[in-house]
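Mapped onto the numbering used here, the consecutive letters of the sequence shown carry residue numbers 17 to 313.
To be clear, the hints were calculated from the coordinates, so they are not data collected in a lab. Be careful, since some hints might not be right.
What the hints assert, rightly or not - Cut-off 20 angstroms, straight-line C-alpha distance, at most; resulting in silico cross-link-like pairs (EDC-like, lysine to aspartate or glutamate):
1) Lys303 <-> Glu270
2) Lys177 <-> Asp241
3) Lys271 <-> Asp241
4) Lys150 <-> Glu66
5) Lys112 <-> Asp241
6) Lys84 <-> Asp40
7) Lys150 <-> Glu140
8) Lys112 <-> Asp40
9) Lys202 <-> Glu221
10) Lys112 <-> Glu140
11) Lys150 <-> Asp241
12) Lys25 <-> Glu280
13) Lys25 <-> Asp241
14) Lys25 <-> Asp301
As the list claims (entries may be wrong) - Using C-beta positions, here's what the derived DEER-type ranges look like:
15) Ser231 <-> Glu199: 13 to 23 angstroms
16) Thr243 <-> Arg313: 14 to 24 angstroms
17) Glu199 <-> Pro227: 36 to 46 angstroms
18) Lys177 <-> Pro206: 18 to 28 angstroms
19) Glu270 <-> Arg304: 28 to 38 angstroms
20) Arg304 <-> Arg22: 20 to 30 angstroms
21) Ala31 <-> Pro206: 36 to 46 angstroms
22) Asn226 <-> Ala267: 20 to 30 angstroms
All residues carry an ideal CB built from backbone N, CA and C; glycine is no exception.
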Amino acid sequence: MSIQARLVKAFSRRALRREGLAGDRLVRHLRRAFNNTPVIRLIPRGIETERIDTLAFRGDYLGHSDPKVTVLFFHGGAYIAGETRTYHNLAGRLAKQLQGEVYLPTYPFAPEHPFPAAVNRCLEAYKYLLDQGKDPANIVIGGDSAGGGLSLATLLHARDKGLPMPRCGVLLSPGTNCFPNEELLKRNDPTDDMLSADTIRNVIEVYVPNPDDRSHPYASPGTADHTGLPPLMITACNEEVLYGDALDAKASAEKAGVPVEWLERSGLFHVWPIFVPFVPEANQDLKRIVQYIRRQR
17 MSIQARLVKA FSRRALRREG LAGDRLVRHL RRAFNNTPVI RLIPRGIETE RIDTLAFRGD
77 YLGHSDPKVT VLFFHGGAYI AGETRTYHNL AGRLAKQLQG EVYLPTYPFA PEHPFPAAVN
137 RCLEAYKYLL DQGKDPANIV IGGDSAGGGL SLATLLHARD KGLPMPRCGV LLSPGTNCFP
197 NEELLKRNDP TDDMLSADTI RNVIEVYVPN PDDRSHPYAS PGTADHTGLP PLMITACNEE
257 VLYGDALDAK ASAEKAGVPV EWLERSGLFH VWPIFVPFVP EANQDLKRIV QYIRRQR
């Protein structure tokens with residue numbers, strides 16, 4: 017493991033991971049942690065940036081002057097927090113390496129806007145791209161952590177609405193299940209440097225406060241029927257507490273005959289690919305993600 021990865025693990029355990037926080041205390045902690053994260057923007061040369069603020073789409077755009085691929089990427093943050101600015105390094109490199117463009121939409125947070133508000137907004141972001149004339153065969157829907165869960169829910173929602181499917185989906189350490197695998201939660205609780213098992217359980221209560229809603233396919237997309245979805249790439253560290261959620265998504269996709277590219281790492285941490293360009297393992301696996309997207313043409 018690289019020195020840079022070790023530093024991220026140490027910083028995360030100190031600044032982000034907490035035990036026993038729930039309700040408003042959990043919300044305040046996560047928002048402080050995500051909003052106060054120092055960001056060094058290293059966007060590759062030749063990538064244009066723009067803020068989009070319309071009724072149909074709010075968020076950031078980073079793109080090549082002649083884009084061939086469009087990535088719609090939903091940021092993580094436990095459905096409670098997060099900022100698009102912290103994803104500019106990832107988006108810029110995706111745009112550069114794909115000769116493409118990346119849209120980073122905002123979406124409403126719980127508890128002020130509980131499920132299904134975020135899922136509905138994410139579908140609107142996809143419809144915005146289609147309305148702009150983007151070819152769905154050249155669109156990729158992806159996200160990390162909560163954004164990975166929203167990506168999968170958006171694919172299901174789009175399918176159910178009869179919208180065309182994109183080229184593929186890319187889910188980075190996705191949170192996909194309101195009924196997580198308790199055995200894996202407990203097993204990986206000591207080894208996850210970012211999130212505790214308590215945090216996962218308590219985030220579910222904030223995001224989907226009505227227990228009757230937690231079995232809805234868009235709230236627990238990892239165990240939904242994946243029939244008709246596009247190919248998926250799923251990444252996970254086998255020592256993180258959301259490992260079981262990623263396995264759920266993999267199993268459901270394979271059961272439905274959806275092709276799955278599975279990328280599993282040991283010894284790293286939750287959503288490691290977003291830490292480009294600072295962590296060598298992130299740079300290495302971003303190349304694998306780019307290669308996967310290209311192969312889906």
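Each hint tested on the structure:
Our distance criterion of 20 angstroms between C-alpha atoms is broken by Lys303 and Glu270, whose separation comes to about 24 angstroms. Of the supplied pair hints, the one linking Lys177 and Asp241 holds, its CA atoms being roughly 15 angstroms apart against a limit of 20 angstroms. Among the hinted pairs, Lys271 with Asp241 is consistent with the structure: their alpha-carbon atoms are about 9 angstroms apart, no more than 20 angstroms. Annotation: proposed proximity of Lys150 to Glu66 holds, straight-line Cα distance about 18 angstroms (limit 20 angstroms).
Between the alpha carbons of Lys112 and Asp241 the distance comes to roughly 34 angstroms, so the proposed pair goes past 20 angstroms and is violated. For the given pair, Lys84 sits about 43 angstroms from Asp40 by alpha-carbon distance, which is inconsistent with the 20 angstroms threshold. Annotation: proposed proximity of Lys150 to Glu140 holds, straight-line Cα distance about 14 angstroms (limit 20 angstroms). Distance hint between Lys112 and Asp40 is unfulfilled; the C-alpha atoms sit about 40 angstroms from each other, more than 20 angstroms.
Distance check on the hinted pair: Lys202 and Glu221 sit about 18 angstroms apart at the alpha-carbon level, within 20 angstroms; holds. For the suggested pair Lys112 and Glu140, the alpha carbons sit about 26 angstroms apart, so the restraint of at most 20 angstroms is broken. Between the alpha carbons of Lys150 and Asp241 the distance comes to roughly 27 angstroms, so the proposed pair goes past 20 angstroms and is violated. Straight-line distance between C-alpha atoms of Lys25 and Glu280 comes to about 17 angstroms, which keeps the hinted pair within the 20 angstroms bound.
A C-alpha spacing of about 35 angstroms is found between Lys25 and Asp241, which places the hinted pair above 20 angstroms, so the restraint is violated. At most 20 angstroms may separate the alpha-carbon atoms for a hinted pair to count; Lys25 and Asp301 meet this at roughly 17 angstroms. Evaluation of the 13 to 23 angstroms hint for Ser231 and Glu199 yields a pass: the beta carbon distance comes to about 20 angstroms. Remark: the range hint 14 to 24 angstroms for Thr243 to Arg313 is upheld by a beta-carbon distance near 23 angstroms.
A hinted range of 36 to 46 angstroms is violated for the C-beta pair Glu199 and Pro227, which are about 21 angstroms apart. A hinted range of 18 to 28 angstroms is violated for the C-beta pair Lys177 and Pro206, which are about 42 angstroms apart. Restraint check, Glu270 to Arg304: a C-beta distance of roughly 20 angstroms breaks the suggested window 28 to 38 angstroms. A hinted range of 20 to 30 angstroms for the beta carbons of Arg304 and Arg22 is consistent with their spacing of about 22 angstroms.
Between Ala31 and Pro206 the Cβ separation comes to about 18 angstroms, which falls outside the hinted range of 36 to 46 angstroms. Separated by about 26 angstroms at the C-beta atoms, Asn226 and Ala267 satisfy the suggested range of 20 to 30 angstroms.
Violation of the numbered hints given earlier is confined to hints 1, 5, 6, 8, 10, 11, 13, 17, 18, 19, 21; the remaining hints are satisfied by the structure.
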